[in-house]
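> With these hints in hand, go ahead and build the complete structure from the sequences.
The chain contents come next:
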Amino acid sequence: MKKQLAFYIDAKRCIGCFTCAMACKNQYHQESGVIWRDVYELKEEIYPHRERAFYSLACNHCENPTCLNVCPVVAYYKREADGVVVHEQDKCIGCGNCIRSCPYGAPRYNPVLKRAEKCSFCWQRLDDDRKPACVLSCPTDALQIVDLAEFDEANAVQYPAGFPRYPSLNPSVRFRLPAMPKMIRRKL
Amino acid sequence: MSEMELPLVIFTVLSQTAVGLVAISAIRQHAADGPAGSVRPEWMTAALLLIAGLVASLFHLGHPLGAPLAIKHLGSAWLSREALGIGVFTALVIVGFLSARDRVNAGLSFAAAAVGLIALFFTAMTYSPPGFPALNNVMPFVFFLLTAAMVGAGFASYFTSAEKMPMITRILAVSLIIGLVVYLVVPFLWLSGGTVMRQTGLNYISSPLYWARIIVGLVIPLMAIWRMRTLAAWVPVLVLAGEIMGRIAFFLLAVHASANMGGIY
Amino acid sequence: MDKRDADSVKQAIGCPMSRRKFLRCLAAAGALAAMPGGLLRPFGAEAEKIIYEGDYEIYRNACPRNCYDTCAIKSYVKDGVLQFIEGAQESTFTDGGLCVKGYAYTRRPYSPDRIKYPMIQDGRGSGNWRRISWDEAMDMIAKKLVEINEKDDSMLGLGLTKYSGNFGITNYAVEGMMTSLGYTTRLVGTPCWPAGIDAQNYDLGDMWCNDPEDMVNSRYIILWGANPAWNSVHSMKYIYAAQDRGAKVVCIDPVFTQTAAKADVYWQVDTSMDGALALGMARHILDKGLFDKAWVRANSVGFDEFADYLRNEITVQWAAEKSGIPQQQIVEVAEEFATAKPATIWIGYGLQRHVNGGATVRSIDALAAMTGNVGKTGGGARYGHLRTWGFNYHALLQKRPEGAKGFVGGDGPKGDFDFSGDEKAEYTDRALNINKTAEMLLTADDPPIRVLWISCKNVLSQDFDRPKMLEAFKKPELIVSVEQFFTQTVELSDIVLPVTTLFEEYTINASYWHYWLSVNEQAIKPMYEAKSNTEIAAALSARMNKLKPGSCTFPTEVDTRQWMIKEFNQDIYDLFGIDSWEDLKNGPAKAKMHPASWHDLEFGTPSKKYEFRSDLCAQHGHQALPKFKAARKPYDKLRLLTPHTKFGIHSQFINIDWMEDFNKKPYCYLHPGAARERGIGDGDQVRVFNKVGEVELEVKLTQNVPADVVMMYEAWFKNNSFNCQNVVDDTSSDMGKYKTGAPGVAIHDQFADVEKV
Ligand SMILES: Nc1nc2c(c(=O)[nH]1)N[C@H]1C(S)=C(S)[C@@H](COP(=O)(O)OP(=O)(O)OC[C@H]3O[C@@H](n4cnc5c(=O)[nH]c(N)nc54)[C@H](O)[C@@H]3O)O[C@H]1N2
Ligand SMILES: Nc1nc2c(c(=O)[nH]1)N[C@H]1C(S)=C(S)[C@@H](COP(=O)(O)OP(=O)(O)OC[C@H]3O[C@@H](n4cnc5c(=O)[nH]c(N)nc54)[C@H](O)[C@@H]3O)O[C@H]1N2
Ligand code: SF4
Ligand code: SF4
Ligand code: SF4
Ligand code: SF4
Ligand code: SF4
Ligand SMILES: [Mo]
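Chains as they are written, first to last, in our numbering: chain V, 85 to 272; chain A, -16 to 248; chain B, 151 to 907.
Since the hints were derived computationally from the structure, they do not count as laboratory data.
30 Å max Cα-Cα, derived DSBU-like pairs, lysine-lysine:
1. B:K555 <-> B:K625
2. B:K472 <-> B:K850
3. B:K472 <-> V:K271
4. B:K293 <-> B:K555
5. V:K266 <-> B:K438
6. B:K814 <-> V:K198
7. A:K55 <-> V:K162
8. B:K906 <-> V:K127
9. B:K777 <-> B:K443
10. B:K868 <-> V:K127
11. A:K55 <-> B:K199
12. A:K55 <-> V:K175
13. V:K198 <-> B:K868
14. B:K777 <-> V:K271
15. B:K783 <-> V:K271
16. B:K301 <-> B:K549
17. B:K549 <-> B:K293
18. V:K271 <-> B:K850
19. V:K271 <-> B:K906
20. B:K787 <-> B:K906
21. B:K624 <-> B:K555
22. B:K850 <-> V:K127
23. B:K696 <-> B:K266
24. V:K198 <-> B:K815
25. V:K215 <-> V:K175
26. B:K740 <-> V:K215
27. V:K96 <-> B:K850
28. V:K266 <-> B:K398
29. V:K162 <-> B:K199
30. B:K228 <-> V:K215
31. B:K815 <-> V:K127
32. V:K271 <-> B:K841
33. B:K675 <-> B:K716
34. V:K87 <-> B:K199
Structure follows, in structure tokens:
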């Protein structure tokens, strides 16, 4: 398999602290309301305690990116070397097609520039031998960067509950599921 | 819930109306006996609808000046194909209008209709993306075809001579019946789908807009045709109004897949 | 420069502030280059590449908030504008990261809501703010100070309230400024951790915790009333590392916190009944003979008395009844804790904010000591420390003006971070309890507090009994706030002075938790007319001396960089293994300290041993033994908890627009059972009310809180009147007076009811 960078989201370690999401804002100064990485809480039907388990998600740099496929002006390209899906904002005419298309909600509309934008996998940082800002920021190493060509983690899943399954896109992301402690509650 | 996308509402409804109008015109002129009707004004109307739609569509772009670039990605982007398709269709309609005497050349008529239908298919593909599970299927194509048939037939009635009105009325009535069934059934089908589809279905069922479009655009026109046994001039206007409401609902009420992130899909 | 850029410069100079435009506007003065937003605008593969080391000026900063983590920051500046920041990778503790608040810093100096100039409010609370010059502001304040000094023949009419807005060492210039004006009134103490500090001082002779990085060595960890997943995010990785090595983690909290969700066992203890729980565990350990006999014999006093107390008055069954934790569990965890060596307990600050908080901490300390876990790596009763804070306190230690008169008979520490040493003088400052600020302002007399100076403190948001505080704020003749934002405190001030953010000043930062030290450089020029706390002191001094020569001893010219350098000494250099402060420009340094506190078993108590029986504690009016102390009697139907939020540190950060993207408004949390009884549904707007006051906000239903609790996080949202202090009174906790000058406050011994509005 060719090199394909991916995010590894270890929900067992993740504390839902939003550090990764803010680290991205710190790096790219998105407009208010524009979020490239968000931290989604798992609903109670998946993790029975409200606001206590999370997936930190951005663009999944899919093997077969629908954003790229649907963009009428070819504003996206997928890097040969590492599979990163890059959006060239200059070329974007703001048709919103990628935003509607991507089921993961990764591309967002920038109301000031009137163009789409999304997580770049910090490719400029990668090219400078730096970790993506979000990955570097994570205080618990719950968010990591892996190469799917070499990734070999028995317990990892691609489509955990709470993350939509789109095999045709083949999102470059892997998860470890959250765990729960033994609960001793007071009787009232 | 999503955005209302008014420019897209106008663009899609008008362009589909034009497709319907041209297709029905082709049939009426060349596949049925009798007078052709007012073909020139009809094709001019189709051309104007298309131009108005295209202008409207520019308002949807963050950078309208980049619109011509939108055909760069024919290899995979349905939107590029749509842009090309609608462009060619518009050109054919204009040529048709310019070259028309009392009829438009049969080859050209059918070619234009075919290209229009293909463009309509491209549009449908553009608006059935993975991001909207309720729409990521054949439904947009069905919806858009119905628009072409209903509003197209409705508008065609204005250019049709009395002899052929029954034919047009029949086309419209059948389309309306199919439309009524489809629009009444589809939201309930969605209810049995995954979470996001279900949410879309619930949005429809609980939206006054959806019910208003059923009544205004489908029920009243059908009843009017049934009661009067002919097509009153105001009926196509209602059908158009209903389609516009329906198209607003199409964009507004569809739930994006990412809205349920963290929940059961 | 392409055309769009040129246009944007034109626009930017006009500057209606959109974010990127605003940054470009700043850069337009220098060479216009790619802003971070510009990363999105590639010009072709060549031009797109970003050179991180080389194209940016890189500075060292440190987060000065009242936070365990005191993160070392690496700041990237271009064209005089802060572009982005990272955690310093040199610190193993920070490991290249900050927290959600930390990363919002990039926005903070440029926040459109910053206080930009000195301003005066015509009519306190009127909202009629007017810009004035620094000269005018200083003139008005100085005249008032001269006036009150003449009226009272002392400066006691000048009161200072300062706490934890900024813990940079040079910010003690605020206290220094007060000293240099004469003997003043100080609101002393701390809402934070005082009961526990006293408790640890009675037991061990100081508050001194193991290196948090040493938690990896623990075989058993009890997180007791602490929520590091939110309040010390960088500590979590050590807890995980211990878990990965087989350690069991138990979290004890009335709330199922994010930390609890990461533990192996969660105990939902009845609030403020932890003392009973600890003593029940101790009793069982005693019965089973699992305590460390050799350790207690060699290193402690009073163990036999403690053991007698346990045998005579404590049973596991009683502990279970009091705490709500089943006997079987208490027995199991007690045995595991006693036999896993080393085992450690992290004692949180939330735990001791109770009328019995000090007593509770003492009983938990006892558990760690009797099992021989004190003084060991991977062990310890971890609370906090100030062992790396041995600076010169040059900014703090100013002379009083000649002939200054003050208070007679006041002594004792002036807070938890009181480094002023023993001042032997005829007069002292007048010390008032910071945890009863409203009461103190209302009752202080002869002279009353005529001028209130507020710095690094958001009184109206963070202090207790807000309805009373609103009354109290009517009393002073002049209220001056030194601030960055228009807080609810500024709203009730007369003059506000704009203060620098961490990027705009020099200082040094040490932690009360980990062992790292960081320098904080000035990375960007102060925005607008902001001045550092030190410069403000100098400006005031200049004006005072102009009006009345000799009335203020504070230097009138300060070079803040020099002042930072003056805080260092050889002991600091030796402790951190550096030759000069400049070494810190290469990254933070870690103290060369043993990872285990009390590793030499030389305790700081009068007996030099661990004191199960503390006579000093008894002298101070408490129990000599770590006995159970009763809780506060409920005064309403539900217990009210107001702990700390992940999106802010107290009243800071939540107002930053980047943060608003993730945290839009406050909520309260209620158990579905309690909600059902009250006809409340999820998402309803509710009123939380008690004898103090009321708060209205949206409710989220969750079993994360017990059925007898309503919880909301303390926070300040801009453009939102939410304030939890409307329902929190100022009842004192048991301990705190000894080491911090005033008792703590029973923040979590509050009660309230909820109804749908
Ligand atoms: N109900 C309830 N109340 C609580 C608590 C609770 O758990 N529940 N917790 C308590 C605890 S533990 C604490 S520590 C306190 C904290 O209360 P405070 O010490 O008041 O802490 P902050 O809100 O962090 O900061 C106060 C102000 O300092 C300002 N500031 C920041 N930097 C500077 C600077 O350099 N100079 C100046 N002059 N000002 C600056 C900030 O803008 C902010 O408005 O709150 C206590 N109050
Ligand atoms: N994100 C963030 N980080 C912070 C701060 C912040 O405001 N936000 N504040 C900083 C400051 S100044 C401080 S003091 C620390 C505070 O750090 P912590 O002490 O960890 O935090 P708190 O939220 O004050 O309280 C911790 C827990 O105590 C629990 N608690 C309350 N009463 C009891 C009890 O009777 N028994 C037990 N077992 N638990 C109880 C609360 O439910 C809460 O979960 O955090 C620092 N770090
Ligand atoms: S920074 Fe790490 S722990 Fe925090 S939310 Fe992101 S992934 Fe989770
Ligand atoms: S997640 Fe969405 S935006 Fe990212 S590569 Fe896949 S399809 Fe494109
Ligand atoms: S919004 Fe921009 S990037 Fe997305 S599809 Fe349209 S032109 Fe392409
Ligand atoms: S990889 Fe970079 S761009 Fe993508 S979410 Fe992380 S910080 Fe943002
Ligand atoms: S608030 Fe605490 S964790 Fe966050 S950056 Fe500051 S010191 Fe670090
Ligand atoms: Mo605190």
